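On the provided structure of chain V, position chains D and Y as indicated by the hints.
Chains as they are written, first to last, in numbering that gives the first Met the number 0: chain V, 0 to 505; chain D, 0 to 339; chain Y, 0 to 335.
In case anyone wonders, no lab produced these hints; they're calculated from the structure.
This one's a predicted model, so the numbers in the text were calculated from it and none came from an experiment.
Check each hint, because a few of them may be wrong.
To be verified - Simulated pairs of lysine to any residue, SDA-like, Cα-Cα distance not exceeding 25 angstroms:
hint: 1; chain 1: D; residue 1: K69; chain 2: V; residue 2: S326
hint: 2; chain 1: V; residue 1: K332; chain 2: D; residue 2: S188
hint: 3; chain 1: V; residue 1: K332; chain 2: V; residue 2: E321
hint: 4; chain 1: V; residue 1: K49; chain 2: Y; residue 2: E205
hint: 5; chain 1: V; residue 1: K343; chain 2: D; residue 2: W2
hint: 6; chain 1: V; residue 1: K161; chain 2: Y; residue 2: V315
hint: 7; chain 1: D; residue 1: K69; chain 2: Y; residue 2: V315
hint: 8; chain 1: V; residue 1: K49; chain 2: Y; residue 2: F178
hint: 9; chain 1: V; residue 1: K161; chain 2: Y; residue 2: L206
hint: 10; chain 1: V; residue 1: K49; chain 2: V; residue 2: V204
hint: 11; chain 1: V; residue 1: K382; chain 2: V; residue 2: P370
hint: 12; chain 1: V; residue 1: K399; chain 2: V; residue 2: R374
hint: 13; chain 1: V; residue 1: K161; chain 2: V; residue 2: A124
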Amino acid sequence: MTREALLESRGISKSFFGIRALANVDFEVRAGEIHALLGENGAGKSTLVKILTGAYRRDAGTIALEGRPVSPRDVGEAQDLGIGTVYQEVNLLENLTVAENLYLGRQPRRFGLIDRRRMEREAKALLAGYGLHLDVGESLSHYSVAVRQIIAIARAADLSGKVLFLDEPTASLDAREVDLVFGILRELRSRGLGIVIITHFLDQVYAIADRVTVLRNGERVGCRAIADLPKRDLIGMMLGRELDEETHHRAEISAEAAHAPAPIRFRDFGKRGSVAPFDLDARPGEVVGIAGLLGSGRSETAFLLFGIDRADSGHLEIDGREVPLASPPEAVKLGFGFCPEDRKTDGIIADLSVRENIILALQARRGWAKPLSPREQAEIARKYIRALDIRPPVAERPIKFLSGGNQQKVILARWLATDPRFLILDEPTRGIDIGAHAEIIRLIEQLCAEGMALVVISSELEELVAYSHRVVVLSDRRHVRELRGAEISTQSIMAAMAADPEESAA
Amino acid sequence: MTWIATRLRRLAPQLIALALVVVAITLIAPGFAHVTFQNGRLYGSPMDVLVRAAPVALLSIGMTLVIATKGIDLSVGATIAITGAVAASMVAAGHPLAVVILAALGVGLLCGVWNGLLVGLIDIQPIIATLILMVAGRGIAQLITEGVILTFNRPAFAFLGSGAFLGVPMPVILWVLTGLAIGLLVRVSALGLLIEAVGINRRASMMIGIRARFLIVFVYAAAGLCAAIAGLIVTADIKGADANNAGLWLELDAILAVVIGGTALSGGRFSISASLIGALIIQALNTGILISGWPPEFNLIIKAVVIIVILALQSPVVANSLAAAARVRADLKEPRRSRT
Amino acid sequence: MSARAPLIRARNLPFAATVVIFLAAYAFCVAQFPNMLSTRVAGNLLTDNAFLGIAAVGMTFVILSGGIDLSIGSVIAFTSVFVAVLVRAGVHPAAAFALALAVSTLFGAAMGLMIHGLSMPPFVVTLAGMFLARGAAFLISTESVPISHPFLDQLTGLYYLLPGKGRLTFLGLLMLGVFLLGSLVAGRTRFGANVYALGGGIQSAELMGVPIRRTTIQLYALSGFLAGLAGLAYTLYTSAGYSLATVGVELDAIAAVVVGGTLLTGGSGLVAGTFFGLMIQGLIQTYIVFDGTLSSWWTKIVVGLLLFLFIVLRRVILLFHERTGRSTDQRAFAGG
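Next up, chain V with everything else stripped away, as it sits in the complex (with noise of 0.2 angstroms):
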């Protein structure tokens, strides 16, 4: 493993309005590897493919391709250069053909007119080579989304030929489809490009990767051959713990309590392509930490329990009867509460006050015809504000001023008002600064004291460990392993997330 780098960046940082992503980054991708780039949330991962490829430039570092400098200032000039990109969200246009998809901009043309006849033709030599035959001039919504995968890869790599990024390229493949794109992946890596793949299954890291780079808060971690890299040591490097380290754990619960039937019972709960089936219980006093890697299924779990994803199999019970869950406001008439982790895109209600975002839950369960009265507002914004010391304590203000700390207490501020039994929080502290940080989490350890349900969903595995009387362990869109009491430990967890999923599914 001597060969020379194709693509090499040397110390490379970043930051935005004064807050670091990217701080003296080294990476390197080798001709004919396959290169995996991992890192949880945040770590810096997009930030990073993003000055590679000339989205974003960067403050410090160098790039190098094949030996010599570069610094690519678009998206259009890295892929003159070779560096070619595939996004999450298939950067193709649905509604135009295989063809006309694969060459936008560059169509073949006769006196002046597109040739369609030989665009077509060189269309399908050009799939056929990956082994794809299909019939190029039907549109591309036609086609599932691995087919739209792989024809976007097809371009990326006819267009850049050098170094291909792809972003999270088998996120909403089933096992087959993976297959099939990771055999093109092979093909390509054979023809001596340099592939990065970011991925958050690490099963898939195992099965196609050469060597790993693991990102963590905007620092490199470590760059290892895949080979000599036990996954628990991956999810270590992933994690930012060493495996001897232990973390405390706090919370217990009655043995009587704990084993008297729930209240809340979900029963082979699942949805087909979201999360399997699972058995969740949740009790008055008890906190269920939810722990799995980024697209284990965590907030898919969440979305079932809160009827935003309608399940279709298994039911709920409640004190004993089954009832319907299929939206949301069936759930706020059960009493359950949801704290969404994108509080930007799914929480607040930007232009509304603190005061409205506070009331607003509560009103729609009430129905539109019963208006809380100005005072009732007033009274029970003042009363959040200054139970989770929301600042600036000012009610009229709209959401959007404040920081995101002071967001997410709105928030839980919504659901507290409408006194829920049964509270969902996904990742409840994330992108939060250190003192609201501490707020939140005996936020939730007080309300498990008065006798709510909780669910929290972390990938803080040091936080799940403080607070959790149990804590469900998800791996590949499966509930793996449930840990209870005693055996709750940030090793214990990371283990359950490396286990084999047959193994521990028995």
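Structure of chains D and Y alone, referenced to chain V:
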């Protein structure tokens, strides 16, 4: 008191614009501001503005709610023609007045619900969904009037268009009352807040448990109902129904009134009273140009300039560059990790 | 996965539906009134719809890109008055035509510039354009301005006699030419491909290297040019310029485009489809004339019904795709 202050601050740009327009016209045509009281009712150019603004003002009430949900309703002009045709044909056939009015309102509601179902339930883009009724509506209206301009002579019904109550012309009373009724309905109940939430962030609203589909059907139904009232006034005013021309292009004026009123086409915060002032501004311009002796040809050009200026000020590009400084400050305060 | 092209590709289904509806409608008409199967009727159909057809080609491009142009009716009126006044003032019609086309093209380009530069919705920008062009037409003249000039007579007198005494007039030919050229531009040039790409999604198109700014401006300039040309056709057709004319023509054009199988949200459709959409509208009118007892408003109702049919057909095709081709978005939203 603070409530009044907040309201005034919200309406200030529109009120100032209206005042400027009125002052400008008065300078050019001093007779403009003159109001007299004769034969038990008020006369004069200002009254004329208030009366003639009625159809657009009524449409703008419903349109405000529709636009607040990020929608648009192109069909309200056609709905005026349909309800007008229904009313005129029923009056001509001698039905009791109450039945006529209820039937016209019912038909308007039906038109609105049709649009609402297409947009809310089948998820067709508002501009496309309402285009169907915009095209077919006039045909339907002509079907009802059998292609002729239906006229009638029923003073009791004509009163809606040309009568006066306590000196105030009926059309003015009707649009003010409708504005008050719908404004109070949405602001005293929680409808207004829920509509704004859906318009600002439909996805988050649904996750909160707000029934967005119901609200969408509601706003289009309200738009249909307002169009029906406008249709009654137009019909009563000319004592007949002209399926071809009744309400023609009024949807565009209504959209313009809402935009002048400061409700963004991208949905969210809305103000019905600001839209009503917007409708008055449009009508004041029309009347002003007329009485100041300028050729009425200028009317459309002035309208176009007003739209361009207002929309340019609201455009994301201009708004962004204005907000850029503020955003940078906010971002500095909030340590936000970029998402991968 | 077969590599052979099927008889009708799924992407051409709406176009095929339009053609089938047209043929069925024509067959129905002929069954009722055998006289409608004549070159005379066909020739009139082309001549009477010439100006609308020319404008509808421009509208097709704009709609394919995901935009809309509400100004074309006003631009047609403006062009007709502008030309009429110039000709009356002694300018040679050919020069007047060239000047009018230049003005309308620039007007369209200016709207495209605003749409892109201020990222404002095409709906409102072209609405302002609609008021502006109509107002400008009023400023020139509010009266109908009749014109006559040997050059114009020459043009209107031109026709090709079809077997069966039908006349393929200059206007009919002009429209057919515009449709042919339009088809060629849409289907066989990079500009056309970029327009489709824009309609598929501006962001994706940008990522794939489509020059958004240039294409947007060219697009609305093209629509302005064709609206201007339609205005010239209208002037020839009526031998007059009138600023109050062609109110609402944009609606008829949009209807022709959508009934022609083009997706109103952009990205999919054919210029040829618009031709059949236009002919279906023309056919309904002709049928009503032949029938004599039916009234003209049935045109609007039937066109409205067809609009509804095509919008729902599109919706059904989309849902079908989401069911069969697996959705990319695993979190496809079910709530409401």
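Against the structure, the hints:
1. K69(D) x S326(V): holds (22 angstroms)
2. K332(V) x S188(D): holds (20 angstroms)
3. K332(V) x E321(V): Measuring from Cα to Cα gives roughly 15 angstroms; hence the hint holds.
4. K49(V) x E205(Y): Given pair K49(V), E205(Y) holds - Cα atoms ~15 angstroms apart, limit 25 angstroms.
5. K343(V) x W2(D): Given that 25 angstroms is the threshold and the Cα spacing comes to 30 angstroms, the pair is violated.
6. K161(V) x V315(Y): Answer violated: K161(V) to V315(Y) is near 42 angstroms, above 25 angstroms.
7. K69(D) x V315(Y): holds (24 angstroms)
8. K49(V) x F178(Y): violated (44 angstroms)
9. K161(V) x L206(Y): holds (19 angstroms)
10. K49(V) x V204(V): Judged against 25 angstroms, a Cα distance of about 21 angstroms means the pair holds.
11. K382(V) x P370(V): holds (18 angstroms)
12. K399(V) x R374(V): Holds - the C-alpha atoms of R374(V) and K399(V) are around 23 angstroms apart, at most 25 angstroms.
13. K161(V) x A124(V): Holds. K161(V) to A124(V) sits at ~20 angstroms (cutoff 25 angstroms).
Checked against the numbered hints listed earlier, the structure breaks hints 5, 6 and 8; every other hint is satisfied.
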